[in-house]
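Undergrad: With chain A's structure known, arrange chain B on it following the hints.
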Amino acid sequence: MKRVSLASWLITILAGLYFLVPLYAAFQFSLQMKRDTLSFAAYASVFQSDVFLRAFVFSLVASLAAIMAGAALVVPTAYWVRLRLPKLRPVVEFISLLPLIIPSVVLVFGHIRMFGSSSFLPLTTTDLGTNLLLVAGYVVLSLPYMFRAIDNGMAAIDIGTLTEAAESLGASRARIILGVIFPNIRAAIVSGAFLTFSICLGEFAIASLLNRQTFGPYLVQLGQDRAYEPAALAIMSFGLTWILMALMQAFANRKPGQRLLPFRKGPTR
Amino acid sequence: MSQLTLRALNKSFGTNAVVKDFDLTMEDGEFISLLGPSGCGKTTVLRMVAGFEAPSSGAIHIDGNDVTALQARQRQIGMMFQSYALFPNLTVAGNVAFGLKVARLPRAEVDLRVNEMLEMVGLAGLGGRYPYQLSGGQQQRVALARAIAPRPRVLLLDEPLSALDAKIRVSLRGEIRAIQRRLGISTLFVTHDQEEAMAMSDRVVVMAHGRAEQVGRPDQIYNRPATRFVAEFIGALNLLPATVTDPAAGQLDTPVGPVALNRPIARSAGAALHLAIRPEGLHILLNGDVANGPTFTGKVLDRDFLGPIIRLRTEIGPGTAMTVDCFNRDGASLPEPGQTIRLAVDAAAVFPLD
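Which chain is which? The protein sequence lines are A and B, in order. Going by my numbering, 120 is the number at position 120 of the first sequence; the sequence numbering is gapless. Going by my numbering, 306 is the number at position 306 of the second sequence; the sequence numbering is gapless.
By construction, these hints were calculated from the structure, which means they are not laboratory data. Heads up, the beta-carbon is just placed ideally off N, CA and C, and yes, glycines get one too. Keep in mind that a hint or two might mislead.
Just the calculated beta-carbon pair ranges, DEER-fashion [what the hints assert, rightly or not]: (1) A/L178 - B/E175: 28 to 36 Å; (2) B/P308 - A/K87: 51 to 59 Å; (3) B/D253 - A/K87: 34 to 42 Å; (4) B/E27 - A/A155: 40 to 48 Å; (5) B/E175 - A/I102: 55 to 63 Å; (6) A/A155 - B/P308: 42 to 50 Å; (7) B/K167 - A/A155: 27 to 35 Å.
Now the stretches of chain A that chain B is said to cover, found in silico as 3 or more residues with beta-carbon under 8 Å [said to hold, decoys possible]: (8) 169-178; (9) 200-207.
Mimicking SDA-like on lysine to any residue, the simulated pairs with C-alpha atoms at most 20 Å apart in a straight line are [as the list claims (entries may be wrong)]: (10) A/K255 - B/Q133; (11) A/K255 - B/G128; (12) B/K101 - A/E93; (13) B/K101 - A/K255; (14) A/K255 - B/L134; (15) B/K101 - A/R173; (16) A/K255 - B/S135; (17) B/K101 - A/K87; (18) A/K255 - B/G136; (19) A/K255 - B/Q138; (20) A/K255 - B/L126; (21) A/K87 - B/Q138.
Bound-form chain A, shown alone:
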């Protein structure tokens, strides 16, 4: 066993405090909406707001759409690049990283210019079109995480040989991707999906400039108007993120045939 020195304990404790103290402070503050007593009134107030519920549900739906579109785009791409165009992999990887380099403001202005009211495809003139643009923007933002997660998932299984095995059994390309590749990188897709979800939930620039009432702009607006509710929301967002992280771990470590929860027996056939 290695001896853990006092210094490393100290650093760990300091880092923990750096993270936990503000969190605790925010939590404490969020409980003080009613004078002289600690209560969950701020939380209740958040949940009673129609605007909050609408924004949250809209964000939820938009993120789910982005996750599905992203997976449908990235899985076949990563698969094909790994299988047939391995030389292109650095290029594709670089492209997938671009959203980290280019601010999303640039992206959304590009959207507005390309698909604005005077363009050949005036998507911003309708609600549905604008929503589509929002989801498309989310897909782009999630690319670095989605591609990385899925590409790593494919590295973990021998997709080349599995593909050949399926081909020799008569399976078509679509069947291989849906029946062999997808289920075997499900954990990777799920972790990519959770990352996408947490990014989309907090996203501000695109939603705001497209004038969509999502969770991000709502949070900012609330921060300007109210005192206690934003703290409550921040704490809840943290909680949600942690739940997602735990789910990610559970999915990633699960073996085929195991249930997520232990109380149900796995299939025997």
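TA: Structure of chain B alone, referenced to chain A:
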């Protein structure tokens, strides 16, 4: 079930020709091994038959139909891989059923066939397990069941035993061969292990540098190798440089004295060649034994105990080594290193090579 014909197959990757003018006709139900060192092109031939690589030129026929342009999934082949390549997300039964479901067999028939196949490979009752819950040998049995379940026209085995440990390798190869015989399925087997190829095959194709060096039954390949490469690749071999002195009478001159084969040699007088002698073609002469063939006198250099046989390395002349195998009989006195012994050669077991 099927006949497989490969005609003038060539495959190049860029300027690198890996398979050159490869011809092979596989009879119905035959088990043929492609044997050779790594890089000899054997796997590429198999992958071209499977449809994973397109030949640069040449044609592949199965049952008289040209399948050269067909995709792998249209060829009705079964394949086993070195890495098992089972689908990790599917159960054993799910893996075996995969090809049957792709072929849209009715569910009842799928279940029936899956059970039949699992029984055949000795895994009845393990249908609900997942691949990660099985040993390597069991996984490869599942792979076999999965490959043969859709009744493929040709079975292709890409070094399926290489990843297994020695004991399982030997037992599984016997089972694969027994199942192959029972189903009468034409099988092409790629291996670099000569013992495997010899033990399992009806015929062996020895390959080197993208070409078939020799095609023949295992005993033909071993006893009458056509080229020096085959002779040296298969089994242990002594090579003795020699010059023909009398082709008709089979007389030769060697650095360790004249040798008479007592049969005509198809070379002209003065031609230089090598006499190839298997270690088991020599035996030790005890005091008083009379030889009816060529003999050598040599000094024992060292002795390897290999179980059923004992292999002696001797020196029969300056710089001329000769390896001799003798049976391990309990109680027999064996020559010690340093001892001088006389060796007799069975002239019929000596074959000339360039």
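Undergrad: For every hint, state whether the structure bears it out.
TA: Cross-check of the supplied hints:
1. Between A/L178 and B/E175 the beta carbon distance is about 34 Å. The supplied range of 28 to 36 Å therefore holds.
2. A hinted range of 51 to 59 Å for the beta carbons of B/P308 and A/K87 is consistent with their spacing of about 52 Å.
3. The hinted window of 34 to 42 Å between B/D253 and A/K87 is violated, with their beta carbons roughly 60 Å apart.
4. A beta carbon spacing of about 43 Å between B/E27 and A/A155 agrees with the range 40 to 48 Å that was offered as a hint.
5. A hinted range of 55 to 63 Å for the beta carbons of B/E175 and A/I102 is consistent with their spacing of about 59 Å.
6. Distance hint for A/A155 and B/P308: a CB-CB separation of about 47 Å, consistent with the stated range 42 to 50 Å.
7. Checking the proposed 27 to 35 Å range against B/K167 and A/A155 shows it holds: the Cβ atoms sit about 33 Å from each other.
8. Residue count for the segment 169-178 of chain A with a Cβ under 8 Å from a Cβ of chain B: 5. That meets the three needed, and the coverage hint holds.
9. Only residues whose beta carbon comes within less than 8 Å of a beta carbon in chain B count, and the segment 200-207 of chain A has 0; fewer than three means the coverage is violated.
10. Restraint check: the Cα-Cα separation between A/K255 and B/Q133 comes to about 10 Å, which is no more than 20 Å; the hinted pair holds.
11. For the suggested pair A/K255 and B/G128, the alpha carbons sit about 14 Å apart, so the restraint of at most 20 Å is met.
12. Between B/K101 and A/E93 the alpha-carbon distance is near 36 Å, which puts this suggested pair outside the 20 Å criterion.
13. Note on B/K101 and A/K255: the hinted pairing is violated, with a Cα-Cα distance of about 24 Å set against a maximum of 20 Å.
14. For the given pair, A/K255 sits about 14 Å from B/L134 by alpha-carbon distance, which is consistent with the 20 Å threshold.
15. The suggested pairing of B/K101 with A/R173 holds, with an alpha-carbon distance near 15 Å, which does not exceed 20 Å.
16. The hinted pair formed by A/K255 and B/S135 meets the criterion: a straight-line CA distance of about 16 Å does not exceed 20 Å.
17. For the suggested pair B/K101 and A/K87, the alpha carbons sit about 35 Å apart, so the restraint of at most 20 Å is broken.
18. About 18 Å separates the Cα atoms of A/K255 and B/G136, which keeps this hinted pair within 20 Å; it holds.
19. The hinted pair formed by A/K255 and B/Q138 meets the criterion: a straight-line CA distance of about 19 Å does not exceed 20 Å.
20. At roughly 17 Å between alpha-carbon atoms, A/K255 and B/L126 fall within 20 Å of each other, so this suggested pair holds.
21. For the suggested pair A/K87 and B/Q138, the alpha carbons sit about 36 Å apart, so the restraint of at most 20 Å is broken.
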